[in-house]
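Engineer: Here the protein sequences come in this chain order: A and B. FYI, the numbering for the first sequence is 0 to 118, going by numbering that gives the first Met the number 0. FYI, the numbering for the second sequence is 0 to 130, going by numbering that gives the first Met the number 0.
Each statement offered as a hint is correct.
Listing some non-contacts, in silico: residues in chain B with all C-beta distances to chain A over 12 Å:
(1) T65
(2) I68
(3) L80
(4) D114
Using C-beta positions, here's what the derived DEER-type ranges look like:
(5) G26(B) to I27(A): 32 to 38 Å
(6) D104(B) to S18(A): 34 to 40 Å
(7) T32(A) to D44(B): 25 to 31 Å
(8) A79(B) to E28(A): 42 to 48 Å
If you are wondering where the hints come from, they were derived from the structure by calculation, not from laboratory data. We treat Cβ as the ideally placed atom computed from N, Cα and C, and that holds for glycine.
For reference, the chains in residue letters:
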Amino acid sequence: MQFGILINEGPYNHQASDSAYLFARNAIEKGHTVPRVFFYHDGVNNSTRMGEPPQDDRNVTTRWSKLAEEHGIDLVVCVAAALRRGIKDELLAPGFRISGLGQLVEMGIQYDRLVTFGD
Amino acid sequence: MSDMDMEDDGSGIVKKFMFLNRKAPHGTVYALEGLEVVLITAAFDQDVSLVFTDDGVYQLMKGIDTKGIEVKDFSKTYRALDGYDIEKLYVDQSSLDARGLTEDDLIVDVTVLSDDEMKNLMDEQDVVISF
Chain A
0 MQFGILINEG PYNHQASDSA YLFARNAIEK GHTVPRVFFY HDGVNNSTRM
50 GEPPQDDRNV TTRWSKLAEE HGIDLVVCVA AALRRGIKDE LLAPGFRISG
100 LGQLVEMGIQ YDRLVTFGD
Chain B
0 MSDMDMEDDG SGIVKKFMFL NRKAPHGTVY ALEGLEVVLI TAAFDQDVSL
50 VFTDDGVYQL MKGIDTKGIE VKDFSKTYRA LDGYDIEKLY VDQSSLDARG
100 LTEDDLIVDV TVLSDDEMKN LMDEQDVVIS F
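Start from the sequences and build out the full structure, keeping to the hints where you can.
Structural biologist: Right, here's the structure in full:
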């Protein structure tokens with residue numbers, strides 16, 4: 000099954016991105032595919048490579064970059080939400096790209112399921 | 000609006016999208032940014048339904064005035080939705096009742112549904128996005 004994932008909350012403050020990551024990783028392990036993850040609202044804050052969490056904590060952004068590289072996941076950050084919050088191309092971690100909301104709508108149209116993580 | 004009408008993912012597929020608006024219009028950004036997704040989805044010629052439930056019913060309240068909190072008042076957008084061919088607006092009776100509201104308190108025409116009717120409407124959808 001093809002899963003699209005929508006993340007609506009920023010990292011560390013909220014568990015949404017962690018839960019989405021675990022969902023995506025496990026879905027892929029079970030033979031499903033996750034072609035794209037879309038970051039909206041404060042979820043766009045997951046995309047910046049400027050974050051430096053303590054050594055003994057997970058790095059939410061790096062985890063997404065690694066999973067995306069391993070499994071060809073398209074990590075899309077909403078342009079309007081990103082601009083509002085100061086997220087620019089030059090700040091993006093590997094695997095992330097900035098694009099429009101149409102990419103989110105496409106996930107709903109094309110994939111079997113669209114799963115939202117957030118409040 | 001003409002630019003948005005050109006949106007097309009090339010598949011020609013039309014799915015039933017339901018947007019579940021659950022939060023008050025102000026205090027968080029969900030309602031404002033959620034509306035953007037609704038408009039884009041309509042521009043992709045999808046079958047869009049909007050539901051206002053829980054504190055989301057406050058998004059449609061008459062007499063919203065944001066001057067005092069110095070944020071944008073986007074409530075006009077709800078009245079312009081029919082211009083985007085978004086005509087399926089639903090509110091659940093229990094959310095109105097719990098807040099002492101009636102249809103007369105709302106700025107747009109909506110269909111008021113019972114919990115069972117809402118459940119059936121949700122069952123019919125292909126995609127449910129909740130803000």
